[in-house]
Amino acid sequence: PLHCTRHGCTRVAWMLSSPARAPLLLARAAGVVRAARLVVARARPSAAAAAMAPDATSAGVVSAQWLKDNGRSPRLHVLDATWFLPTEQRDAAKEHAEKRIDGAKFFDIDAIADKASSLPHMLPSEAHFSEACDALGVKQGDCVVVYDAKGLFSAARAWWMFRVFGHSNVAVLDGGLPAWEAAGGKLTSGAEEAPNTTQSDGTALVAALDASLVADVPRVLAALAGGDETVVIDARGAGRFRGEAAEPRPGVRSGHMPGSRSVPMTAVLNADGTLKDEAGIRAAFEAGGAVSALPGSGGAGEAVASCGTGVTACVLALALFRLGRRDVAVYDGSWSEWGAREDLPCAAGDA
Numbered sequence: 001p002l003h004c005t006r007h008g009c010t011r012v013a014w015m016l017s018s019p020a021r022a023p024l025l026l027a028r029a030a031g032v033v034r035a036a037r038l039v040v041a042r043a044r045p046s047a048a049a050a051a052m053a054p055d056a057t058s059a060g061v062v063s064a065q066w067l068k069d070n071g072r073s074p075r076l077h078v079l080d081a082t083w084f085l086p087t088e089q090r091d092a093a094k095e096h097a098e099k100r101i102d103g104a105k106f107f108d109i110d111a112i113a114d115k116a117s118s119l120p121h122m123l124p125s126e127a128h129f130s131e132a133c134d135a136l137g138v139k140q141g142d143c144v145v146v147y148d149a150k151g152l153f154s155a156a157r158a159w160w161m162f163r164v165f166g167h168s169n170v171a172v173l174d175g176g177l178p179a180w181e182a183a184g185g186k187l188t189s190g191a192e193e194a195p196n197t198t199q200s201d202g203t204a205l206v207a208a209l210d211a212s213l214v215a216d217v218p219r220v221l222a223a224l225a226g227g228d229e230t231v232v233i234d235a236r237g238a239g240r241f242r243g244e245a246a247e248p249r250p251g252v253r254s255g256h257m258p259g260s261r262s263v264p265m266t267a268v269l270n271a272d273g274t275l276k277d278e279a280g281i282r283a284a285f286e287a288g289g290a291v292s293a294l295p296g297s298g299g300a301g302e303a304v305a306s307c308g309t310g311v312t313a314c315v316l317a318l319a320l321f322r323l324g325r326r327d328v329a330v331y332d333g334s335w336s337e338w339g340a341r342e343d344l345p346c347a348a349g350d351a
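The sequence shown begins at 1 in the numbering used here and counts up by one.
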């Protein structure tokens, strides 16, 4: 039994035939075992590494492939922030239940809002936002990826809200649900599963408002009066900006803030709903006369983004974020507030 040529064990049998050689064999075997354990240990992430959330702070947007590669992390949360204009007569929550990215939770822009305000989906209180994150299973430091069903539209609003409340590890899925489907990403439907809060580190997200990212009427007026170093950029379509198209909400005037610049949200997007590259974004702002909003342009002053209800303005903030500008403020009330107030100036035509 000490000799087995079939299995190539002649050398082992020879070593075992002599008691003096046995310790050498055992030492070599122990060395092999230690080496194997080291390989396994290196291949298996440590508990601390497994607990680390993916980092999406710098990009602003992530690709469908990035989400595929990182989606199994227990500290990554995918949120469906789909929202539709009232005139579209579509139900975002219903569509979420019918088709969504596997594991995604619904981030309701209209519900996570200031219910005391007459304006649509104004920012909620810090406590309200913290409670919403707790219900979604999002904890301090977790990675959040937001998307919408159109490609890149309302998801930017959720991205901005997380940043406003001090949570920087957030990104938009570039191209949204259409990009995920095109990449063969897994979809699901039906009722949501309850968030698994035990997978996170358990530290509750405590919202802390960063007021520098939020503009109100006085701040917008100051930016409009600031000359060439400050700029207010309007993300609405050109027809609404010029006053040629009626506003979708009753009681709101048509036109724009005198001195603001028109950079329609669609100007910074590709045809497939993904965000343009840096050159394309720069070209869009230059075409709209909003050069001072661009980093490196020499304009060091205020940049405020506005739109109809504070949703698509966030797309412009996201586009500038991609260029490296992190301080763009969004006018939360936007044209729904400005256009409804007769005490505020309104202009028609081009800027």
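The set of hints was computed from the structure by calculation and includes no laboratory data.
From a predicted model like this one, the values you see are computed outputs, not experimental measurements.
Misleading hints may appear alongside valid ones.
Said to hold, decoys possible - Calculated cross-link-like contacts (lysine-lysine; reagent style DSSO-like; alpha-carbon spacing at most 30 Å): (1) K186 - K94; (2) K115 - K94; (3) K186 - K115; (4) K68 - K94.
What the hints assert, rightly or not - For each label pair, taking beta carbons as the anchor points, the in silico distance ranges come out as: (5) A347 - M52: 32 to 42 Å; (6) D272 - G243: 22 to 32 Å; (7) E126 - T57: 34 to 44 Å; (8) V206 - A287: 21 to 31 Å; (9) Q65 - P250: 22 to 32 Å; (10) A127 - S168: 34 to 44 Å; (11) M52 - A225: 30 to 40 Å; (12) L323 - A271: 13 to 23 Å; (13) A191 - S73: 15 to 25 Å; (14) T57 - K276: 26 to 36 Å; (15) E88 - L323: 48 to 58 Å.
C-beta atoms are modelled at their ideal positions from N, C-alpha and C, and glycine is treated no differently.
Cross-check of the supplied hints:
no., hint, in the structure
1, K186 - K94, "holds (19 Å)"
2, K115 - K94, "holds (22 Å)"
3, K186 - K115, "violated (35 Å)"
4, K68 - K94, "holds (25 Å)"
5, A347 - M52: 32 to 42 Å, "violated (51 Å)"
6, D272 - G243: 22 to 32 Å, "holds (31 Å)"
7, E126 - T57: 34 to 44 Å, "violated (21 Å)"
8, V206 - A287: 21 to 31 Å, "violated (41 Å)"
9, Q65 - P250: 22 to 32 Å, "violated (44 Å)"
10, A127 - S168: 34 to 44 Å, "violated (20 Å)"
11, M52 - A225: 30 to 40 Å, "violated (46 Å)"
12, L323 - A271: 13 to 23 Å, "holds (21 Å)"
13, A191 - S73: 15 to 25 Å, "holds (23 Å)"
14, T57 - K276: 26 to 36 Å, "violated (21 Å)"
15, E88 - L323: 48 to 58 Å, "violated (30 Å)"
Checked against the numbered hints given earlier, this structure breaks hints 3, 5, 7, 8, 9, 10, 11, 14 and 15; the rest are met.
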